[in-house]
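Q: Please put together the full structure from these sequences, using the hints given.
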Amino acid sequence: MGVEQKLGDMGVVTTTLENVVNWSRTNAMWPMLFGLACCAIEMMAAQASNYDMSRFGMELMRASPRQSDLMIVAGRVSKKMGPVLRRLYDQMPEPKWVIAMGDCASCGGVFNNYAIFQGVDEVVPVDVYVAGCPPRPEALIHGVLTLYEKVKGEKFKDLAEKYG
Amino acid sequence: MTQIEEVSIDQFKHLVSERALTGETMLLNMGPQHPSTHGVLRLLLELDGEIVVNCIPDIGYLHTGIEKNMEAKTYQKAEVMTDRLDYMNPMGNNLAYVMAVEKLVDLDVPPRAQALRVILVELQRIASHLVWLGSVGLDLAAMSMFLYCFREREQILDIFELVSGQRMMTTYFRPGGVWRDVPVEFEKAVREFLKIFPKRIDEYETLLTKNPLFLDRMLGLGLLDAATALSYGVTGPTLRASGVDWDLRKARPYSGYEQYDFNVPVLTEGDTYARYLVRIQEFRESLKIIEQALNKLPFGPVRSENRKFVPPPRSEIGVSMESLIHHFKLWTEGFPAPRASVYSAIESPRGELALMLEGDGGPKPLRVHLRTPSFDNLSVLPHIVKGHLVADLVAILASIDIVLGDIDR
Amino acid sequence: MDTKLEPIVKNIQQKFNATFEEFRGEVHLFLKPEQIVDVLTLLRDEHHFELLSALTAVDYYPQTSPRFHVIYQLTSLAKNLSLQLRIPINGNNPGVGAGSYPRIPTATGVYGVANWRERELLDMFGIEFEGHPDPRRILMPEGTEGHPLRKDFPLGYEEPQFTFNFDEIGLHKPRPKE
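Top line first, the protein sequences correspond to chains V, C and A.
Be aware that the first sequence starts at 0, since it is given in numbering that gives the first Met the number 0, and climbs by one per residue.
Be aware that the second sequence starts at 0, since it is given in numbering that gives the first Met the number 0, and climbs by one per residue.
Be aware that the third sequence starts at 0, since it is given in numbering that gives the first Met the number 0, and climbs by one per residue.
To be clear, the hints were calculated from the coordinates, so they are not data collected in a lab.
Note that the coordinates shown come from a computational prediction; the quantities given were computed from them, not determined experimentally.
Treat the hints with caution; some may be incorrect.
Said to hold, decoys possible - So the derived label-pair ranges between C-beta atoms look like this:
1) C/Met320 with A/Lys9: 54 to 64 angstroms
2) C/Asp105 with A/Thr40: 30 to 40 angstroms
3) A/Thr40 with C/Gly22: 33 to 43 angstroms
4) V/Asp89 with A/Glu167: 22 to 32 angstroms
5) A/Asn16 with C/Gly22: 47 to 57 angstroms
6) A/Pro175 with C/Pro300: 48 to 58 angstroms
Even for Gly, the Cβ is constructed at its ideal location relative to N, Cα and C.
A: Listed below in structure tokens is the structure:
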């Protein structure tokens, strides 16, 4: 089973540390359970039997920000929720990523009014935007895979600059 | 903007007991980011050890300004807002809204459209109860329920996608009928669901109804008597589990519910387990309604012929200039509604969902009030959790079946 | 009007000198603010209106007298009837902040649900309820200025960002730090 059978008896694999670290980060990403509104139900559907997001190494949704490295903002962010969202983001250990799931989290969606932030990128920096109202579970999974591509291309140098 | 104001006890002084002020009992914050609050509900708990002395819900973390936003849109365009109100029940919200508009402008609905509405709303009721059952399972650590329930829910969402092109936010019902007729595959898909689902309900019941672990967590908790429930405006399955036989589908039939033969499950215990049983029985009653409506589904138009409010069909727009102009006018300017107010209610999976719609003679509503059932149902929570353990609070909260989009609007 | 509803409306009309309107079978009774608690108690105890289905308001700005209608939608389960009570009240008293709002007596003593619904009205319309046990904002964060559902409160529409105005809007759109 696995890589040994396919490649034969390989004692040594040469690669860069960067690749190994990024590869391991992508395949064990722990998203934070952060359902806000309608998109949260589609996020649950993506976790459930038909779509089964755990195929991509993320079967565990953590309720605590301190145990997670990916925040999926699923739903509209109200002016009352914004500060809470920011505090939760600040509590997540680095490196951390954010997916804005759905139109409301990306740009305010149909709610262009006094109560809703016109995009969660006004509160926290966003890595991947997923369109749809709400996005289908496939779209969310595609968003996560897009994030994986981004993470795989990250350089230690840039991260060192970013986090000081 | 990114600062949270520190909460001082002065704000809640009048709501907690005196022992909290001396530090004898503990104040604990639960939410707004908590896996068991079914959304972004925040509860401030006063605890004596593990016993809840006082519970102060703090809502508004999902306040979306839907009521205000609907006032800025024409009657047709405001409908998309209603989908996102109670996101477990988009079809039901659409129905409540279009019924209010139809009542305000006095618009007729063809019988086929009415029957289609009933079928889809009942499917939505099942889907909503499925999400509820799945999340109750999760709250009580029965993970398998979640997986089972979402399996069946996908089947319902596939039917919605078939008729409207969207899984959740369908906006399929329009004032005067439905968007377009259902495709030919619709009947087969619904029949298949009707065939499979009764067995699945039995499956859920084998897993939960007599499961001793489940009974331990559910029986005798959160007792709610009928008088308190009515005083606090509790409606829906939560009220029916307290022994009040009140279902708007039976009491004030709308959209042709009077033609169908179904029972309203009523239990008198008023605890969390009774609420669970009522919802399980509602699965079966909804199936009955869907089957009858599908058997009797009449043929004919699905939109009213009243051209004052309903745009002409696509087939006419291609050949008639007048129809094109008419369609354009209706969608850009909207139709005027009288200067009057109507109150129109339906039975949503959570209770009485009603709209108070007031027109001002123009194409936009003067006031839209959404009477959402979860808001009132949640307001009774502080009274029924007193004296219970924190762990039981989760089960009681789950049994009320709140949706935060429905509460905060 | 429903034949079962008629005697009830007549009773209230005579006792409280109220007027009524009818539209599509719905009856709206117009009352004065000070009468509301008595009327609600009477309706609940003698006419079986057990459920206060909705408690809300309408703002008729720029009209000032009356500026608001406070609306009580009552349902009787036993008789299967609905009745709507409306209380016209004027706008702000002179001055700003608490104490300058229009005031009506609270109905929390009659219906429990009035507690949250009245808090909602205080939050959304700035209508105060005398004797309310817990007068705090319910939906908007504490410290918000203004009352969103009043007609003179702006909707808060922001210009959406498209390709033609991408840079222009990007200039003043808040961007958070890492």
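Q: I'd like to know which numbered hints this structure contradicts. Please list them from smallest to largest.
A: Failing hints: none at all.
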